[in-house]
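Chains as they are written, first to last, in the working numbering: chain A, 447 to 908; chain G, 447 to 908.
Treat the hints as calculated values from the structure; they're not laboratory data. Take the hints with a grain of salt, since some may be wrong.
When the alpha-carbon atoms are kept at most 30 Å apart in a straight line, the in silico DSS-like pairs for lysine-lysine are as follows [to be verified]:
(1) LYS520(A) / LYS790(G)
(2) LYS781(A) / LYS520(G)
(3) LYS677(G) / LYS660(A)
(4) LYS677(G) / LYS520(A)
(5) LYS660(G) / LYS660(A)
(6) LYS695(G) / LYS600(G)
(7) LYS594(G) / LYS520(A)
(8) LYS520(G) / LYS790(A)
(9) LYS858(G) / LYS454(A)
(10) LYS590(A) / LYS520(G)
(11) LYS695(G) / LYS594(G)
(12) LYS677(A) / LYS660(G)
(13) LYS749(G) / LYS790(G)
(14) LYS520(A) / LYS590(G)
(15) LYS695(A) / LYS660(A)
(16) LYS844(A) / LYS802(A)
(17) LYS520(G) / LYS607(G)
(18) LYS858(G) / LYS815(G)
(19) LYS520(G) / LYS594(A)
(20) LYS815(G) / LYS607(G)
Number of protein chains: 2
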Amino acid sequence: MAKIQRSKLYVGCLLFSVALNLYFFINLHLIRGKWSNYQLSWSLQAAAEAEAVAAVSCSGHGRAYLDGLFVDGKPICECNSCFGGPDCSQFSDGCVADADSGDPVFLEPFWMQHAASSALVVAGWHRMSYVFDDQSFISHELEKHIRKLHSIAKNAVTSGKYIVFGAGSTQLLSAAVYALSPENSSSPAKVVASVPYYPMYELQTDFFNSVSFKFEGDASLWRNHTSDSTKNVIEFVTAPNNPDGKLNKPTLQGPSVKTIHDHAYFWPHFTAIPAPADEDLMTFTISKLTGHAGSRFGWALVKDEAVYQRMVRYMTFSEMGVSRDAQLRALKLLKVVLEEGDGKEIFEFAYQTMRKRWERLSQVISTSKRFSIQEILPQFCTFFQKVRGPSPAYAWLKCEREEEEDCGAVLKEANIIGREGSMFAAGNRHVRLSLLRTDDDFELLLRRINTLVSEQDRSKTM
Amino acid sequence: MAKIQRSKLYVGCLLFSVALNLYFFINLHLIRGKWSNYQLSWSLQAAAEAEAVAAVSCSGHGRAYLDGLFVDGKPICECNSCFGGPDCSQFSDGCVADADSGDPVFLEPFWMQHAASSALVVAGWHRMSYVFDDQSFISHELEKHIRKLHSIAKNAVTSGKYIVFGAGSTQLLSAAVYALSPENSSSPAKVVASVPYYPMYELQTDFFNSVSFKFEGDASLWRNHTSDSTKNVIEFVTAPNNPDGKLNKPTLQGPSVKTIHDHAYFWPHFTAIPAPADEDLMTFTISKLTGHAGSRFGWALVKDEAVYQRMVRYMTFSEMGVSRDAQLRALKLLKVVLEEGDGKEIFEFAYQTMRKRWERLSQVISTSKRFSIQEILPQFCTFFQKVRGPSPAYAWLKCEREEEEDCGAVLKEANIIGREGSMFAAGNRHVRLSLLRTDDDFELLLRRINTLVSEQDRSKTM
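Generate coordinates for the entire structure from the input sequences, incorporating the hints supplied.
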């Protein structure tokens, strides 16, 4: 009898033990999935922290950040404009529709959808040195990815060109002006751009106040002065143009004219790509490609070796090359761009988003005689291999009524903030409206414009 | 009998099952440790990749990087200078001892020892915007950590001071020169420094070639010209000085003199901290604090609001603020600095490393009449609360023989590369030797110096 009892006890223990084994097995191998076999050690804590931050719910109108505020150890939501409360669920009714800055946050949902492939783990000892293995300041893996990116996007020819990295195109524009200015000349180079132009060209050139260059405003004013080879001119050519989305061409030509082609927006998101750009000096930025304005990373494609060397010197003396952390982040992001559908996925997402926004805005504006926006014709795109409609980054809105000379004031009255035309040297009958921001920003903008347009119609029929 | 057999079978199965449970338990709870309960999802793959890279063995003479070269999916070792082969185990005998650049890689072992606390996981959508929640370009969490850091290190007074972020002190030095230069003056400010001075001051000021300032060399030459308030002077004061480690004071004083205090090396690693610095404009950098030169992050403490605003403008026009990725990395690193032993741990590690290097080099040089290095007296340090011996970042080596006027050439002959005195406007009888680099670099330098000194003695006794 005692033996039978003991035998039952053994069976009981065995069953319990087997059940426990099953629990452990499931926990260890099934729940933890594909990567469960990796015995994570030093990265585990940081990964858990980052996932805890990402898991905070902000109602789709905000997000928490690893370097944001924590209260009682809990990360706090940072809400989109006009949303508030602990979980960003409260909408402020009278809030201003902000269409001012070109913050490219419309791409945030893309990266949330690609969380696993875009996550990055940085070891504490990652790239501590001033230099990479070849004693340069730039990651050659990143350079390779940039060349591949252009060949997939079909927007620029990289062969036979050097690549300079900068902290966004902002820094590269300045580096390019320095590099193209005469080294020893009695008179400074004239820096010009076509109206309407991106304000940074003027602000930056004025601020750095160099002996070698001076901002001289509208390019067309200098059309008859370019044959004199002693008068150096540097022209900014922006394509697509900020603010109006036009694929600008150089205004000036001649032996003493040098050109900086600002292609920040030359991606299938914002424009048809008629052919790959192949100019001597072109700048690009990750801000308007992946939406990571905060990373401050851009690059220039440069044909002439001497100009390239001077731009590299600029980068050395201004900050000893772009942060390796920004370079690592850019590399990770470009890997996702290239790997997901061979580049198709992000361009498709970005184009669809911008296209829909433009169509909805155009629809509303088309019912109004008080306002107009720029016309952009459908064009064949070599990337999408079809004729495609416009999807610009900005609406260049015009107040058509003769008495409404200050268009910004008209919009402000309607609780909309745009960027005044005078900032682009174009007069205040125009306002730039940013279409790049969050869905929340765009929806509010559209609602306000709608109200403005329908009120005007109502007042007319009365 | 059958029952006894079965009973034995049960016991056997039970023992096996219990052993299996034990294996699972250890695996799940002990090996995976504290964070094992976190069910990682999107960060798992990136974490596994980073750990795989970190696990590559490079024999202690190199390391693999996430953004380095991969061959057949395997990350490749990047070896310290003079080491080669797939695992960096091969030493090149005739290789040059490189004591040139101030690459602060001596701190790399500290970060490898603190792998878990210094690891960083970045989500794909982290800080995409141009601005933080308060519309600024800077992380206030990071700013708070910087203030706490100075109070723990006891090296600077931060209360009543603004903080500007820059891409390393390199960029902040330039921003400071712009901010202190007169806005509307007929003559440019004279930018000066005491010989021997850090070459970047001159290179940078010359390169940016502004209408508002001009490099004018040695500060002492302008001692009699500072009473004229129309002649603006900007003096760089470097403490500890690069190259010679001296705690420099301003050379010039007067109503028209403005001073930039470069405190890149003012940490307990490199100098006794006699008292917290409390000047109007001070620059610091993470490069020489944590060793992360590659991250390009530094900050300035600025008393005057107008100067602060002009430095912020500089940062805006040069690159729209420092990369958020560099800011996030700096925050993580400063957290480790502050958390581990309340700041004591890194300062202790860094001081011990630099102190031992200096003692060993001094020992060798003291036996020589041909060479000398600068004398630094022991001094009371308010951080360590004791009198401590010297531990400078560089040896400022002098060739004492009258005929050896080109000290760099003497060292080159002995297969040592330093930085020539003329680069510091000090003449070529001096050479700067960097003591900040890897253990491999330092050991080779010491061996070569040893040989040089003992050969000279031998040749004399013959």
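Quickly compare the C-alpha distance for LYS781(A) and LYS520(G) to 30 Å and report which way the hint goes. Distance ~17 Å between LYS781(A) and LYS520(G) Cα, so the pair holds.
Keeping to a limit of 30 Å between CA atoms, is the pair of LYS749(G) and LYS790(G) held or broken? Holds. LYS749(G) to LYS790(G) sits at ~28 Å (cutoff 30 Å).
Taking only the CA atoms, is the gap from LYS677(A) to LYS660(G) under or equal to 30 Å? holds (25 Å)
Take a quick look at whether LYS520(A) and LYS590(G) sit within 30 Å of each other, Cα to Cα. Given that 30 Å is the threshold and the Cα spacing comes to 18 Å, the pair holds.
Next pair to validate is LYS844(A) with LYS802(A); report whether the Cα-Cα distance is within 30 Å. Roughly 21 Å between the alpha carbons, so the hint for LYS844(A) and LYS802(A) holds.
Mind checking the alpha carbons of LYS590(A) and LYS520(G) for me, to see if they're no more than 30 Å apart? Holds. LYS590(A) to LYS520(G) sits at ~18 Å (cutoff 30 Å).
Below or equal to 30 Å on CA atoms is what counts here, so check LYS695(G) against LYS594(G). holds (26 Å)
Between the alpha carbons of LYS520(G) and LYS790(A), is the straight-line distance 30 Å or under? holds (28 Å)
Given the hinted pair LYS594(G) and LYS520(A), is their alpha-carbon gap at most 30 Å? holds (21 Å)
Quick one, are LYS858(G) and LYS454(A) close enough, alpha carbons at most 30 Å? Violated. LYS858(G) to LYS454(A) sits at ~85 Å, over the 30 Å cutoff.
For the pair supplied as a hint, LYS660(G) and LYS660(A), confirm whether the alpha-carbon distance does not exceed 30 Å. Holds, because 18 Å separates the two Cα atoms, which is no more than 30 Å.
When you check the alpha-carbon spacing of LYS815(G) and LYS607(G), does it fall within 30 Å? violated (48 Å)
In this structure, the hints that do not hold are numbers 4, 9, 17 and 20, in rising order.
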